[in-house]
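Protein chains: 2
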Amino acid sequence: MTDTTRKPTINDVAERAGVSKSLVSLVMRNAKSVSDHRRAAVLAAAEELGYRPNAIARSLVSQKTHVVGVTVSDFRNPFFTDVVEGIATVAKANGYQTLINTGDRTPHGETEAIDTFIQLRTDGIILVGTVVDDETIDRIGTVSPLVSASYASGSLKIDSVVTDDVKGARLAVEHLVGLGHRDIAHITGGKGAGANRRVRGFRAAMKAEGLSERARVVEGEFTESGGISGVAELFGSGTKPTAVFAANDQAAIGVLRGLTARGIVVPNDVSVIGYDDTNLAAFEHINLTSVHQQRVLMGMTAMELMLERVAGSRQSARCVTLEPRLTVRGSSGRAPS
Amino acid sequence: MTDTTRKPTINDVAERAGVSKSLVSLVMRNAKSVSDHRRAAVLAAAEELGYRPNAIARSLVSQKTHVVGVTVSDFRNPFFTDVVEGIATVAKANGYQTLINTGDRTPHGETEAIDTFIQLRTDGIILVGTVVDDETIDRIGTVSPLVSASYASGSLKIDSVVTDDVKGARLAVEHLVGLGHRDIAHITGGKGAGANRRVRGFRAAMKAEGLSERARVVEGEFTESGGISGVAELFGSGTKPTAVFAANDQAAIGVLRGLTARGIVVPNDVSVIGYDDTNLAAFEHINLTSVHQQRVLMGMTAMELMLERVAGSRQSARCVTLEPRLTVRGSSGRAPS
DNA sequence: CTGAAAGCGCTAACAG
DNA sequence: CTGTTAGCGCTTTCAG
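Going down the list, the sequences are from chains A and B.
Counting from 1, one number per residue, gives the positions in the first sequence under my numbering.
Counting from 1, one number per residue, gives the positions in the second sequence under my numbering.
Calculated directly from the structure, the hints in this document are not laboratory data.
Heads up, a few of these hints could be off.
Since the list gives no way to pick one copy over another, a pair counts as held whenever it fits inside one copy or between any two copies.
Straight-line Cα separation of at most 27 Å, DSSO-like style, residue types lysine-lysine; simulated pairs [stated by the list, open to error]:
{"#": "1", "residue 1": "K64", "residue 2": "K92"}
{"#": "2", "residue 1": "K7", "residue 2": "K157"}
{"#": "3", "residue 1": "K21", "residue 2": "K64"}
{"#": "4", "residue 1": "K207", "residue 2": "K191"}
{"#": "5", "residue 1": "K64", "residue 2": "K7"}
{"#": "6", "residue 1": "K157", "residue 2": "K21"}
{"#": "7", "residue 1": "K167", "residue 2": "K21"}
{"#": "8", "residue 1": "K32", "residue 2": "K167"}
{"#": "9", "residue 1": "K157", "residue 2": "K240"}
{"#": "10", "residue 1": "K7", "residue 2": "K207"}
{"#": "11", "residue 1": "K240", "residue 2": "K207"}
Using the sequences and the accompanying hints, generate a full structural model.
Spelled out as structure tokens, the structure:
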């Protein structure tokens with residue numbers, strides 16, 4: 001298991017095939033300047049020995065690992081896994097490997113994950129739904145190519161790709177107003193990535209509809225319990241809204257629960273809209289109207305930005321904005337008269 | 001961005017601090033045999049230069065990467081993400097990094113992912129819900145420490161950790177029988193990992209209850225549509241069961257949909273049980289009775305087995321079996337009289 | 001077309 | 001306690 005089974009090196013292959021190391025190296029990288037005869041001999045020797053090039057050693061000299069590190073703030077959130085899938089697809093298509101790591105939703109854990117990538121000398125790092133502050137991002141951006149997905153960093157050193165959440169919020173509001181709703185509330189995502197933009201978008205859209213006075217915003221979280229507590233606050237006292245726009249699907253599901261518990265019927269009494277349009281929203285038993293984000297595309301775009309950086313074909317920071325859509329399902333309906 | 005920003009090496013730090021490379025190396029690894037004075041000087045120099053040890057170079061000489069590769073057959077399945085979380089927790093606690101890769105649910109893709117890990121010289125590889133055949137597993141097992149989670153490989157070279165699915169199926173059957181059900185059907189998981197054990201367990205349990213004659217088994221899949229088609233087959237003709245045990249939660253949700261579409265009420269007319277006890281099952285709107293698998297523990301155990309292998313403290317293969325539990329929720333109830 | 005030699009950044013014996 | 005000397009497995013000039 002130790003030295004007896006030592007993995008074969010380029011030297012072993014060279015010896016077995018009776019040629020020089022450099023010759024083997026050329027063959028392994030498909031160089032053309034090798035005679036068919038020797039190439040065959042090398043290939044045969046490699047096959048026999050079960051030789052696999054040592055990518056570690058290779059990258060030590062080439063200064064390229066062909067690996068990009070990806071930090072994911074929350075593995076369990078289906079939104080993120082789709083983004084990661086997009087990243088992986090484009091990466092693989094371009095000969096890159098993706099190394100995934102989670103920072104356990106904490107700035108400290110994520111910073112640690114990033115540091116590991118730096119020590120591993122990944123060619124670049126993609127932050128998905130990062131929770132670290134702009135200052136740290138800026139610092140890391142000077143050391144390694146960096147792109148942020150789903151969070152628009154203030155740093156000028158890095159690229160980012162986000163959904164136009166201001167517009168997403170507007171789509172939700174316009175849909176509800178079209179259904180006759182006027183008392184509309186928004187439960188925020190707290191300090192989560194993108195939460196701010198959604199709040200701004202909500203306020204702006206309500207204003208545009210001349211409903212500023214009737215807009216209510218309560219603090220929440222990107223979780224089911226965030227939605228539940230939001231409902232408690234909204235329906236505990238004062239004017240009750242006829243529609244609730246939650247910061248994401250998980251919070252919206254909390255809203256559904258909270259409403260059901262109070263005997264309020266969706267969508268007859270109150271309409272509910274989520275954000276992200278995850279699989280959850282599509283489940284027939286949940287059937288949630290939701291603002292759709294192009295998750296896989298977001299990941300693909302992030303990786304494409306990274307490739308440009310790695311190739312050195314662009315030095316300036318770029319922020320790509322993706323268009324949201326509204327997916328209408330059963331949780332939204334005409335306002336009660 | 002290229003050579004002007006070259007990352008500082010141990011040499012740069014040594015020069016800056018006015019000491020030898022080996023001294024710096026010792027300090028970076030917290031060796032005690034260094035005078036406080038020099039240690040401080042080195043640390044200061046490293047800090048100024050923003051030096052991060054090159055893990056690539058380090059592992060080239062130490063022959064250890066402190067990285068374990070993890071292949072996940074399906075990222076979207078919450079079952080697997082929990083297993084991965086367990087792996088990552090134990091790995092981190094022991095100074096290991098986890099490199100995650102998906103094989104897109106295909107044997108070819110997964111084999112490719114494994115090959116990448118081998119080239120990267122990861123210290124070991126953990127297969128989560130693998131889809132590659134035993135022969136391939138056996139071959140890889142001779143090259144690298146390997147452990148399989150959720151699939152019990154026939155290979156004698158590798159370790160595995162699985163849930164006792166035979167018992168899990170029995171728990172489901174016993175629960176239903178206790179509620180007065182006698183006509184019970186099972187919708188299988190097709191060729192998916194663990195599907196076989198669940199079928200066997202179902203058959204054995206029904207036999208033990210003296211209900212062999214009334215047991216029905218229809219072919220399905222580990223997906224929602226697998227459940228839907230199963231319902232179509234079960235309720236299309238012949239004796240209709242009063243309870244359905246699906247191979248996993250996603251299929252069970254398909255069953256719920258299929259039943260609802262036919263106007264069959266759960267659990268009044270028919271009881272439904274799933275497998276995995278994922279977050280989905282717990283959603284109030286789904287509220288599915290399900291056989292619970294200790295997912296995080298499964299991942300933790302897998303990583304522990306890996307650590308034993310890496311440390312060389314065990315040469316023989318080991319298969320750990322985890323206990324299932326039944327989580328009772330609203331989708332199962334007394335059999336109609 | 002092929003081989004020899006010099007290093008990539010780091011660690012691991014050895015000497016002082 | 002500290003510096004020197006060899007490599008780890010590979011790529012890359014530079015000569016033949």
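Now the hints, each set against the structure:
When the C-alpha separation of K64 and K92 is checked against a cutoff of 27 Å, the pair qualifies both within a copy, at 16 Å, and between copies, at 25 Å. In the homo-oligomer, the alpha carbons of K7 and K157 lie at most 27 Å apart only across protomers (17 Å), although the nearest pairing inside one protomer, at 42 Å, exceeds that limit. Taking the shortest alpha-carbon separations for K21 and K64, both the intra-copy value of 21 Å and the inter-copy value of 24 Å come in at or below 27 Å. Taking the shortest alpha-carbon separations for K207 and K191, only the intra-copy value of 23 Å comes in at or below 27 Å, while the best inter-copy value is 55 Å.
In this assembly of identical chains, K64 and K7 lie within 27 Å of each other by CA distance both inside one copy and across copies; the values are 22 Å within and 13 Å between. Neither within a single protomer nor between protomers do K157 and K21 lie at most 27 Å apart by alpha-carbon distance, with minima of 42 Å and 33 Å respectively. Taking identical chains as interchangeable, the C-alpha atoms of K167 and K21 are never at most 27 Å apart, the minima being 59 Å within one chain and 56 Å between chains. When the C-alpha separation of K32 and K167 is checked against a cutoff of 27 Å, the pair qualifies neither within a copy, at 53 Å, nor between copies, at 58 Å.
Within a single copy, K157 and K240 get their C-alpha atoms no closer than 45 Å, and across copies no closer than 64 Å, so neither meets the 27 Å cut-off. Taking the closest pair of Cα atoms, K7 and K207 never come within 27 Å of each other, the shortest separation being 68 Å inside a single copy and 51 Å across copies. In this homomeric assembly, K240 and K207 come within 27 Å of each other (Cα to Cα) only inside a single copy, at 19 Å, whereas the closest approach across copies is 57 Å.
Violation of the numbered hints given earlier is confined to hints 6, 7, 8, 9 and 10; the remaining hints are satisfied by the structure.
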